[in-house]
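J.: Let chain W serve as the given structure and place chain B on it in line with the hints.
Just so you know, the protein sequences line up as chains W and B, in that order. If you want my numbering, it's the position in the first sequence, counting the first as 1, plus 2. If you want my numbering, it's the position in the second sequence, counting the first as 1, plus 1090.
Honestly, the hints are just simulated from the structure, not real lab data. All C-beta atoms in this analysis are idealised placements derived from N, C-alpha and C, irrespective of residue type, glycine included. Treat each hint with caution, since some may be false.
[What the hints assert, rightly or not] If you anchor each label on the Cβ, the simulated ranges turn out as follows:
#, chain 1, residue 1, chain 2, residue 2, range
1, B, Leu-1184, W, Thr-212, 49 to 59 angstroms
2, B, Asp-1171, W, Arg-201, 51 to 61 angstroms
3, B, Pro-1112, W, Glu-112, 45 to 55 angstroms
4, B, Val-1163, W, Asp-324, 18 to 28 angstroms
[Unchecked claim] Computed cross-link-like contacts, SDA-like style, restricted to lysine to any residue with a CA-CA straight-line distance of at most 25 angstroms:
#, chain 1, residue 1, chain 2, residue 2
5, W, Lys-254, B, Glu-1189
6, W, Lys-264, B, Glu-1189
7, W, Lys-254, B, Asp-1146
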Amino acid sequence: MGRLEGFAKAFRAATLKSAQASLSIPSFRHSLGDEPRPDYRLVELTDGSTTLVLASSDDRPVTREAVSRHLEAVEEYDRTGAWPPYVYPGELQAWAEVYQTLFRRSSDAEAVVSVDGHDRRVTHRSVEALAREPIRPLYREVVLIGTLHLIDSEGKRRFQIGNKDADLSFDLGDDPVEVIDPFRWRRVRAHALWEVGSRRGILREPLALTEEPMGIEVLRELDAPDWVVGLLERTESFKELPAGWNDPGSVKISAARVEAAKELIRRLHERYADAIPEGAFPSFVPNSSGGLEFDWEVGDRFLNVELVEGGYDILATERDRDLYSGPANQREVFAWIQWLLTGESPPRVAGR
Amino acid sequence: MVEPIGDDETFIRHVHPKQWPPDQAKPNSGAFRDSELSVDRERLRSVEICCMLRPDHGFMRFSVADILAIGLVVEADPLPDPAGAQGGLLPDILPPSLENNPAHAIIRGMQKSEAKKLKDRAEVIFRPGECDAQHHAAQQGGEAEPAEGAAGEP
Chain W
3 MGRLEGFAKA FRAATLKSAQ ASLSIPSFRH SLGDEPRPDY RLVELTDGST
53 TLVLASSDDR PVTREAVSRH LEAVEEYDRT GAWPPYVYPG ELQAWAEVYQ
103 TLFRRSSDAE AVVSVDGHDR RVTHRSVEAL AREPIRPLYR EVVLIGTLHL
153 IDSEGKRRFQ IGNKDADLSF DLGDDPVEVI DPFRWRRVRA HALWEVGSRR
203 GILREPLALT EEPMGIEVLR ELDAPDWVVG LLERTESFKE LPAGWNDPGS
253 VKISAARVEA AKELIRRLHE RYADAIPEGA FPSFVPNSSG GLEFDWEVGD
303 RFLNVELVEG GYDILATERD RDLYSGPANQ REVFAWIQWL LTGESPPRVA
353 GR
Chain B
1091 MVEPIGDDET FIRHVHPKQW PPDQAKPNSG AFRDSELSVD RERLRSVEIC
1141 CMLRPDHGFM RFSVADILAI GLVVEADPLP DPAGAQGGLL PDILPPSLEN
1191 NPAHAIIRGM QKSEAKKLKD RAEVIFRPGE CDAQHHAAQQ GGEAEPAEGA
1241 AGEP
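Okay, chain W solo, but in the shape it has when bound (with noise of 0.2 angstroms):
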């Protein structure tokens, strides 16, 4: 008997030990820069072992933010039968894989997520209705000059090719190793198709050896019309301005400040094209402070959204009435977009 509750204590201490999920959410993960993915993991089996309990592994708001942003895009979806804006490529299906893999075939699984004292059942309904959307990828044409440093031609059949600011993974496709051997730790031209927020890149031309020097150049963003090409190039320039560009006191715009500009151009266009007339749509200028910001105006109402460190800063105003004016998250920038747009009554703002 004793070594019989030994070895049930061993296997449920290599269980726990062993349960570990990290969110692996590409754009999710490219918008987190060095900050490691949030990371969760079983902490608890009840008797019988009909429940198990997950946990973050850490406090860190990124890990919290992501269990909340999940949390709320459910609350959205059943309450409106449609996911929220906000949510990145890759997000619903990450977490359909979490759910799939504690649910197996179970139709009656279901689990209790939690994030600051707020409960939330997720059943198994809402994990089909997760996994049921499919991810939409964006492209960005670039021409990648790196060394090709890797081939795997036994198991995905793909190969790499690298420098210090991107390494991007090609599949093999049906060709044989030794169309791509040749190039092996060389010098490579890679004209392709690279998937944002992810390292995978389909090539548009063949490979070609060069001596140009190491880099990366983005020609142009694809799956968006010229107009919304042409706020996202101009939004790029804003990387050139100097510092001291608008006054002696004036601060050069962060290059990740400029990419999370067009990202959010990216996903109002994704999310409003049809609601947005050409030429209506808000357009990003810099601020000295290094910000990025735009006004938007629609009837009485309008908005002020500016990208600051760690989140944004929004002015929110209705027949000239200040209706907020302070910090807000993603998702509350969208609500007030929304409330833009639809007239519909102001979202509620954390603090307010």
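T.: Coordinates of chain B only, in the frame set by chain W:
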């Protein structure tokens, strides 16, 4: 001696071209937001001089009444400081520049809400690039009128 600002004065704000989206009638409100917003007193420095100094910029005009209406205060702030080491160099006879600017004034306390209101009240004198065209037209003996009620940073 700093000339006090009169109740009927108007001001010019220089707007960097990047802060004026090309397809929009007015610049972004961020162009009016600064803890110390620099402006030119139009009575002491004309828009033509502003154009000469920053031909690529846009220029907006507003009045003392506009500033008071949104609860802000404007102060004369001539450059260089008349009390400073360079102050006695008779700025009136030196060529106009961004550094030699007896017309310089500042508006303090401008936040997002005030900047939006000032943008709404301000009128466009020139959009970015327009005053350069006007300058060329004037040089060729032509005449180009500033935009009516249309297109700031000293």
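J.: Work down the list of hints and note, for each, if the structure agrees.
T.: Status of the hints after comparison with the structure:
| no. | hint | in the structure |
| --- | --- | --- |
| 1 | Leu-1184/B to Thr-212/W: 49 to 59 angstroms | holds (56 angstroms) |
| 2 | Asp-1171/B to Arg-201/W: 51 to 61 angstroms | holds (56 angstroms) |
| 3 | Pro-1112/B to Glu-112/W: 45 to 55 angstroms | holds (53 angstroms) |
| 4 | Val-1163/B to Asp-324/W: 18 to 28 angstroms | holds (20 angstroms) |
| 5 | Lys-254/W to Glu-1189/B | holds (22 angstroms) |
| 6 | Lys-264/W to Glu-1189/B | violated (36 angstroms) |
| 7 | Lys-254/W to Asp-1146/B | holds (20 angstroms) |
Checked against the numbered hints above, the structure breaks only hint 6 and satisfies the rest.
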